[in-house]
Each structure stands twice: as C-alpha cells, then as structure tokens.
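Protein chains in written order, with the numbering used here: chain H, -11 to 177; chain F, 13 to 908; chain P, 483 to 691.
Hints are computed from structural coordinates only; laboratory data are not their basis. C-beta atoms are modelled at their ideal positions from N, C-alpha and C, and glycine is treated no differently. Treat the hints loosely; a few may be bogus.
To be verified - Restraint-style ranges between C-beta atoms, simulated for each label pair:
id	chain 1	residue 1	chain 2	residue 2	range
1	F	829	P	545	29 to 39 Å
2	P	485	H	76	47 to 57 Å
3	P	527	F	322	28 to 38 Å
4	P	558	H	76	33 to 43 Å
5	P	484	H	50	30 to 40 Å
6	H	50	F	697	53 to 63 Å
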Amino acid sequence: MSLEQIPHNFLTARLEDLVQWARERSVFPATFGLACCAMEMMATGAAHYDLARYGMEVWRASPRQADLIIVAGRLSQKMAPVLRQVYDQMVEPKWVISMGVCASTGGMFNNYALVQGVDQVVPVDVYVPGCPPGPETLFHGILTLHHQIRTGELLRRREATGAGAGIQLDQRDGTPSHVQPIPVRRKSA
Amino acid sequence: MTTNAVPMSQWPSEHRYTIPVAPGPETVTVTIDGRAAQIPRGELLIKAAQDHGTYIPRFCWHERLKPVGMCRMCLVEIEGMRGLQISCATPVADGMVVHTTSDAVTTAQDGILEFLLINHPLDCPVCDRGGECPLQDQTLAFGPGESRFVEEKRHFEKPVPISDLVMLDRERCIQCGRCTRFADEVAGDPLIDFGGRGGSTEVITYLDEPFHSSFSGNTVQICPVGALTARPYRFRARPWDLASTETSCGACAVACRGSLESTSNRLVRLLGVDSEPVNQGWLCDKGRYGLDWVHSDARLRQPMVRRAGELVESSWPDALDAAAAAIRNTLDTHGPNGIAVLGGSRGVNEDAYLWARLAKGVLGTDHVDAQLGDGLPADVVLGMPRATIPDLDRAKAIVLLAPDLKEELPVLYLRVRRAAHDLGVPLVDVAVRDHGLTPYATAVLRHAPGDPGAAAGVVADALVGRPGRTKVGKAIVDATDGRDGPVVVILGRTSVAEHPDAIVHAASRLTGLPQVRFLSALANPNVHGALDLGLTPGFLPGRVSLDAGRDHFTKAWGAVPDAVGRDAAGILRAAATGEIAALVLVGCDPLAECPDRNLARAALEQADTVIAVSAFMDTAAFGATVVLPPTVWGEQSATTTNLEGRVVRLGRRVTPDGSTLESWRIPAELAARLGSDFDLETVDEVQDEIARVAPAFAGVDASLLRRARDGVVLPLADHADEVTFGRAGAGPGPSWEPILPVPEVVGDDDRSPSTSASDSPSAAVPAPTPPVPLHRWDAPPDAPSVPPLDAYALRLVAGHALYGADAIVAATPALASLTHEPTLGLNARDRDRLGVHDGDRVRITTARGSVDLAVRTDAQTPPGTAWIVANAAGPGAPDLIDLTSPVTELRVETIS
Amino acid sequence: MGRLSGFRVTITQVFRPRVTEKFPQEKRPKPPRFHGRHVLNRYEDGMEKCIGCELCAGVCPAQCIYVRGADNLTDAPVSPGERYGFVYEINYLRCIHCDLCVEACPTEAITETKLFEFSFARRQDAIYTKDELLVDDEGRARRQPWELWLGGEDDETSAWMRATSSSGNAAYENRVAWSGELGFGVREPERGQGGDPGALPAPDQGGVS
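Chain H extracted, bound-state conformation:
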C-alpha cells in the first residue's frame, strides 16, 4: 500500500508530513551527465556548495538506488531511449530535473539531431535555465524540487496534468486593439 492510498485523517496527515520530510531530505540523484552541464552538476556536488547539507551526498550510478535524475546536457535522439530506460528503471517516487536549456528545449541547437526538450521523453518536474546553469542555479532548482516534494504539490500536479506532458506555449500575439487608423482626406467617388 503506497502512501497515496492511505485514507486521509489527522494521523495520516502527520505521517505524510514525516514521509515527505524524509523524502525531501534524502534525494539521491542518478548521474546523467550528457554534456557541459555535467561539469556544473559535479561542481554543485563538490565542497563549495556541498549538496550533502541536504542529504544528497551520494550520486548513484544505479538507477534502482536513485530518486532523482538530473538530465544535464543536450539529449540526442539516439540517447533518448537510454534516458527513458534509466528513468523506467528507477523506483517510485522519482523526480526529474532538466538541467540547462539544451535539456529543456534544445537550446540553441534547434535541429533534427537533438530532442527539443527532454519532457518529450520523461516527465520533468523542475526546469533549470542557463547555458550552463551555474551551481547556484542548479542548487536553486534542487531546492525548488525539495519544496515541491515537501508540499506534495508534485503528486497533485501529476494527477492533474499527466506530469510534464501536454506543453502549452502561449504566444500572446495579436494586433494591439488601440491602434487606430489615421484618417486622411478622401475624395468622394
């Protein structure tokens, strides 16, 4: 019986808080360094930023022991099945951070060779901008993920949206309504 199936009451709510706190404080990332972003990902784990402060000191090479996969770098079409396989091999609950613009949208490589956003392959929970994101930025993304794990918004949102699928880009375009034609003198026909 998973956590989500327990009937909701005062006790279970406290239990849920505890479980979420525990999850938040023990996120083990799997390594998925694909390109230059991986350097910044390593820097984030090193002494200057010290992810261990947040219970994340071990980077797992085995997906079965990881909760989080940080897709760091541009994902080529050939690599996409590998990413999906690694994601599928992870056990629930699991999270995905898309690190850097190449992973998030293809970035400046708007071409056929790269997946234009890893959320076409796996459900992404946090997008980290930057080319590459600095350690602070990735750290900020990890803290955003922690916040989501703790508040449980993650689970609700997954139910609502199918997690990461169904991207909607709003162009917010059009003609400004206040632009009026300037009148000119006209001959009658």
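Position chains F and P relative to chain H; hints supplied.
The following block gives chains F and P in isolation, referenced to the frame of chain H:
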C-alpha cells in the same frame, strides 16, 4: 568616341530603356573592369554591366523606369571622357573602356553616400526598410566609414499619411524620384511630385488630393530607403523574419506574379515579381495588400451542418456525408437535372476540374456555371482567337470593348497604358462612359447602353482602311496606317446592366479583321480556368464542347451529360420555380455577385438543398444546408489560369488555421462518397490528370508547370516557344530591385523528363496536339434589338469597382476602409433636369425593383445614362437589373 | 605518531577555513561581466526604452526572444518615437545568456542583471513577458516568485556593459553611448574586470562612438 545620343525628351519608353544611337552593328564591344563583353547597341551602361556581372551601385535607376541621373551614385570612369559619367544615362559605345572601382570612382561614391547621409536620420531600428535597405547595404559596401557632418539634420513631421495605404517620412527621403517617376510614367497618376528647393526638397501631394492611386504600393516596393512605408505592413515584421514563396496574386484574372512573404504563419507582404509577359514587377494595391482576409476571424474554420434548423459545427466526415446524402437524395427525387453547380471562378484550376468532373462525370448534370450572369458566354470566351498580354505591345491597334480596366483588372490597365502611351500603339476606346484608359485613346467612340454594335462596325471598317465619314474613323486610319501586327480586342462586359448579347454582337463585327485576337476582360481570379475546365454548360474540360468531347470524356470519365444544361440565369430561374432542388455553390455568393439579386434570392429561398463551399459565412452560406470551408490562396499550392490562358502556379506560404480541406479535395471526397473514387492523392496528380484528359491542357503537366518560369499559355501547341525556364542558380534579388521569377527547383523530382532541361532556357517543350479539336467561336448572333430610349428614363450602366464588397476587401481591414457607399452617378445635365443636388437621396425604380441612393455628379457618365457600382455593399445595382432584358431603364424620383 | 598518522589529513582539514557557501542564505560574488536574467529599462519619465526593433531577436543565436513592434499612440506613447515593443518575450529555457541582445540593442533597453538563481516548475513560467521583464517604477527588476534575490542584489542590475570587451581589453570600461540613464535614473557604469585603471586606453580607442 561619340554616342550620338538624342535628347532625353525624345527617348522612347520601351521596357529596357535603350537609347537610340546612330545605326551600326547590333552589338558593341565594351570593356568593363578589364573584362570585354558584347553588348546590344544602345543599352545603358549600368544595365550592361549588371548583365555581365559588375554591380554598379544605384538608387534612382530602375529597369522599368526612365533614367534620370538624380542620385549620382552610379558614377563610373570611362577612358577618354572627361570626369566621371553616370552609367545609368550613358549608352554603351564600341570600344568603351569602363572602370567601376578606380580610386576616382570610389572617392566619388564615398562622397555621394556621405552627402546622402547628411540629412538621412539614423533611425534604422524603427524603419521598416532596416535590414533590406539599399542605403544601408550600399553604405556598407561602397560608403565611407564615418561622417564628418556634425550639424543638426533637417527635421520634418513624420510620418505623414499621403494616402490610405502609404505613409511618407520626408526625413528619410533621398530624392531619387523613383516614386514620382513611377506614379507619372507607369501608373499615370501623377499625384506626387517634389516640392521645395535644396535641402528642403520634399515629396508632396496636391493640397486637396492625397496620393489616391490604385498602384501606390509599388512606390513603397521600389523606394530605396524607408521614406515610403505601407500602412498595412508597418511594423508588422522585420525583413529577417520573413520567409517567401513565389506565387500569383489571387485578386483578379491577371494573376500577377508575386513573392508572398510571411512571418509566424501570417501573411504580411506581397512583393511584385518582374514577370516579363505579365506584370513586369507591378501589382495593384488590392492584390498587394489583400492579405489579411486569409487570417480574418470571420473565416470559417470548421465545416457546418444544419441540424434542427441550426447550422452547427461538425467534423469533416460528417459534413461530407451530409452533403453526399443530400445530393444522393436529390438525385433520387429529381434526377441529375435537379442539381446545379454554381461558381468556381474564385478557386483554382484543380478544384474547377474536379467540380466539373463531379458534376458532369458523376452526377450527370450539365447545369454548371462559373459565371453568375456577370460574364460573357463561354462559347465566345473559349472559342475566340486569344491574344496574350505581350501582344498588346506589338499590336496594330488595341480595341477596348471592356469595362474600366483600371478598376477591374488594374495591372492589365498598366500594360495597355504602356502600349498606348509609351509604345505608341493606337488605342480605340468603345464604351458608354469615360474610364481610366480614355485619356490614352487615339479614338473614342461612345454609344448608348446596350448598343455597341454600330460603334464596333465603325472601328471594324476603319481598321481595314475604310475611314467612312466619321472623324474617329479617319483618326483610326491615320493612326494604324503602316502598322502591322495583330489587332487586339479587349472584350468584357462594359456594363452588367445590359445583356451580354450586345457586346458579343459588337465583338462579332470585329472577327473579320485580319489577325484579330481577343483578350478576355473577365475579372474573377480564376474565371478563365473555370471555363477552360468545364465549369460552364455545354462544355467539357479543355475548351471542347459537349458534343465534340463526348467520346473522349466518356472514355476518361465513364459518362458525360446527354444534353446541354442551363447557364447561371437559367439555373437560378429553375431553382426559383423548384425544377432544380439542390444548388452547390462553389466559393460564390449569388446574392452578392449575381447582377440580379432578386432572382438569386428567390432561387436560394426555393432550393431544398444548398451546399456552400465557402471560406466565409456569407449570405449564401447563411442559409445553406451544409457549409464546407476550403483552404484558400496562400494556404495551398495549386495552379490558376489568367485571362490570357496562362497557367501559373500558386504557392503555399502559411499553414491553414483550424480544420479546412484543400479546395480540390472537397469534390474528390464527395465523389468518393457518391461511389466514384477519383483516386487522386496529391495536387500534382490532379494537374497530371488535367494534362492527360483536358485537350487544351495537353502537355501542361505538373512537371512542366514547376519548371516554366512565367507559366504556360494554353494551348501549349501554339505557345510552346514562349515557355521559358529559369536560369540555374538565379535567386530572388533585393525587394527594391526588380525581383526575377524563379521556378521551383526540381532537383529530386524523378518525374520530370530530364533534370538538365530545367537549367537550359532553350530546351524544347514537347507540345502534344490536343486529342480533340478545341472549340472555335463562329456564328455571330443576330443584332439584338434595343428598345428605343424612353424620354424620361435613364439607362443604367453598372460596373465593378476595385474595392468592392468581395471577401478580400471586406475581410482585410486595410482595404475595407477604401470602399465607398454606392451612389447614383449622373451627368450634370441630367442632374439639373431632374432638379436634384449632390447628396440628395433619390428613389430609383426599374422594372425589377427599386432602391434609394444618394446622387453624385459624375462627369464621366454621359447624358441619358446613370452609373451605379455593381459590387458595392448594401442595396444597389443588383436590385435593379433583370438578367433577361437587353438594357435596364430606370426612373428617378426624389424622396424627402 | 603511529596510528594517528592516518588522521593527519583529517585533523588538518578540520582547522582550515570552510569553503562551503551557505548558498540559499548567501551567494558568491559575481564577476563584473556576469550575465543573469534580463530587464527592460525605462527612461526617467517612465517611457520604455524598447522601440520594438527586433534587433535583439534577430541576433539571438538561440532564437529565444520574440518581439513585435507596433505604432505608438500619438497621445499616449509608450516609448519615444514611432514604434514601441508591443510584444516582448524571452524564453529562459532557450536563452544562453550570451548578451548579444544587449550588444545589439540600439537604445540600451535590454540589459542583464546578475540574477541567475531561478528555476521553473512549469514551462510557462520560463517565458518572461514584457510585464515581467520591465523594471518597476523604482527602476528595479520585478522579482518573480521563482527567483532568489538577496538584499542589495538589484543594485548591481542593469549596468550596461558589452558582452565582450572592446578591443579585447578585459580591463576596459565601456562608456555609455546612448544616454546617461540606465535602468531607471542614472547609475554608475560598471567597473572593469580588474587591471590597472591607469593602463586603460583612452575612451576614443575602440569604444562605442
């Protein structure tokens, strides 16, 4: 060295402005930057250098305009001549040695550009030209790196609107005179000119008259800076955002070539492409700025089906099923004669052919008409000997039996004007009232509405050298004396208020002339394609009559109708009496387009089933049983046929919004649901089937159309030598220079007969003989009897205005404001006789109906006639006209 | 030392100063030419500097900027001149912070801040519109909920500087060419990347002019 040049005032205005020089060999040898070249005698040096790979910078010189030498940018050094010469006004001479990059030349170029930039504001970031600006480009390529000018630049109020469509920024103007010369030399609307002196020279309009020209957009295209900007395009995009496709304009039957440009899946700009036989780079404003209608919110984006009295949005399979069921139901109850197909003159060739095949081959009805009583009999249009537009330039004489070309076919007006005004071709104007070409006519004949026969007789006699006793006859004889070449008759409906028999009769008087050729002046974009492809009673696709093509088409299609069907007037009458139960309206709105609105209304009210193929919820679609929205111009690649019979490709630039179906798939899908699968998957397959089946289109298949640069004139057998192919590697140039047409590259198209053919302009085109002889028009009808004019009545003349109530204008905000309320145009004499004043509302009554309109004095309208625009919105001429009567007589009464 | 010799490294490290940053509470100082997220600046009278010319969008190698211009209203202009940026959007999931937009901008309308600590839980949040990019009435960047601003950080915003130094001289301090105003109100141009100020080239050499 002498060039024996004649004074500039005596230069002829021919297309490539060569300067007449003393007779001599055909070509001369000129050395440009060390390279010797053979150049036609009399060619301008700037053009000769450009053709041989040396670009001389220029601002004022344009290939289609007379040289003026205003900008001094094209200075070159010619050995043996003192000082620097402007290459745009210097004809080549034998043995000329030219340097375009010497120190003296570059110093001069630096100086000229520094001078031009003294007063030019550096607001390139907000200027629409920024990014494709000749001044930017040439300053970068030829200019000095910096300016020494530190003083205040001149300032004007900016930008000022000089017409509804064009804005003028006088600060940016470099006084090259391209716009003023275009307006004067090409358009014949000299409404802009230079005013002021020295540093404060500016382009001005008349105080009381803005730059109201139908061709004003061309000045924006050829302006070498951002001084003239188009209000519809203003700030819509930057040049680097644009993606372009070559296409043909879809606004009228001239089908001008253009480069259609879009950004973010929106059409934003159409630039004229310099297609030598058709538009020579120019476009009219309606075609150029009629783009926004494609993206209009009023466009239908879902098919609709009437359920329980209400039109509701539906899916395509459901809508097509409903339409097919309604057709089958009518077939069961009324037989094939209970169904009629109207319209198709605003579509493309492919859908016209498939509608004809559906109607005639599958449904078995011949009640099919693309023209709604506003055209000419198909017998005449399909069977008359046809002229091409270039024939105008070398004609013995041009006879106008046509409506106002400036309003209905604006770019044809430009070509006729050029032939008459610049090339000296005699122009004979036979019409009821004055129009745009009257000032250029050699002889003007005026006749009463409905009676052009006598005037045509005078012209026919004069053109064979019999002047008769009239002054105009003598004038025509004098003007045509010694000229040879074809007589080109431009034939159209001079007034939709009279029966077409009158104009056909007049045309028949001219058929006996030697080398006479006709150019049809029907205006709807693809009306000629629709007629050619059988959307007219009594004819089958490819200009063959029902009887002549019966065997051929029975083999191709399986069946053809037994008897000749009704034309549009007959269909509407039969629908009004219930004989025809189902009407299929292919992109037409009879209530707006048919000259007899009462008849159209009765027909639509009586018909059990109306299937409307319409991009808009027009009045016809409003009452329809099923509405099927097609994709439109700019959204699908297809072909269209212009008034010469020239088949040209239409390009696709944007992806249609919503759920529309390519227009040719609608008849194909209906046929499949009615048990006859055409088995056509792509538009190329439709074109190939047309080439295979329709006799006049023999040989004009998809592969040839791809490669032919300026399209293919039908029938190919007669015009095979006119087909030109593109030059390899030729690409579109900058927008302010003439943009040369480039056929689609067919590198990997294994269906083209040989890939090398597309590179060589001289490749012979295989021109198969049509399997069935094409229709010929003979049997001129008897002269129609015109009732004598009632002393108290006026005869109605009704014609179309450029900005009418059609979908292109109505759904394009920039053009919608250019339409006018319909008025009753009266001669001053009639106005005084009736005792009314300008602006008074009067009630106009004819045998058919009555409307209230305001009076306007119209000097172009002769006494005894009244002028009403036929395609204006609201009540007007269509409420007054009876399709059957020879003329429309009206009475005017004042209302308080 | 014997057995304790193995702890020598450990014990030595214990007494060294800590290198770990207290990141969410403190940030490491940013280098002078650091490129963070953008702001759209305004003039002191509140007018927007952006004129919608799309040069930033044209130069952007990642095609992350979307701009559309429109005619200014004559009675209530948004920016000086004829044209203003009617739509301005930056997609931070494409932006590579190369600063070419800042170089291209003819009016210094777009500049970059030092803020780089942001991440998105929703893709839509990553597309900043004009409302989010435009500085507020105080001339400071509008802080979004998903951004981590620390005190005083927005003082460092919007000082204009070329992405690459002119003439290849890292110590060179660019001059403000277009106007004396940056962000909102007058701010100091940013300092160079170290080096001896006396060794700077004269302003005429290689600067914008």
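Hint check:
1. Evaluation of the 29 to 39 Å hint for residue 829(F) and residue 545(P) yields a pass: the beta carbon distance comes to about 36 Å.
2. Checked against the hint of 47 to 57 Å, the C-beta distance between residue 485(P) and residue 76(H) comes to roughly 48 Å, which is consistent with it.
3. Distance hint check for residue 527(P) and residue 322(F): the Cβ-Cβ separation is about 55 Å, which falls outside the suggested range of 28 to 38 Å.
4. A hinted range of 33 to 43 Å for the beta carbons of residue 558(P) and residue 76(H) is inconsistent with their spacing of about 57 Å.
5. In this structure, residue 484(P) and residue 50(H) meet the distance hint of 30 to 40 Å, their C-beta atoms being roughly 39 Å apart.
6. Under the hint 53 to 63 Å, the C-beta atoms of residue 50(H) and residue 697(F), about 56 Å apart, fit the expected range.
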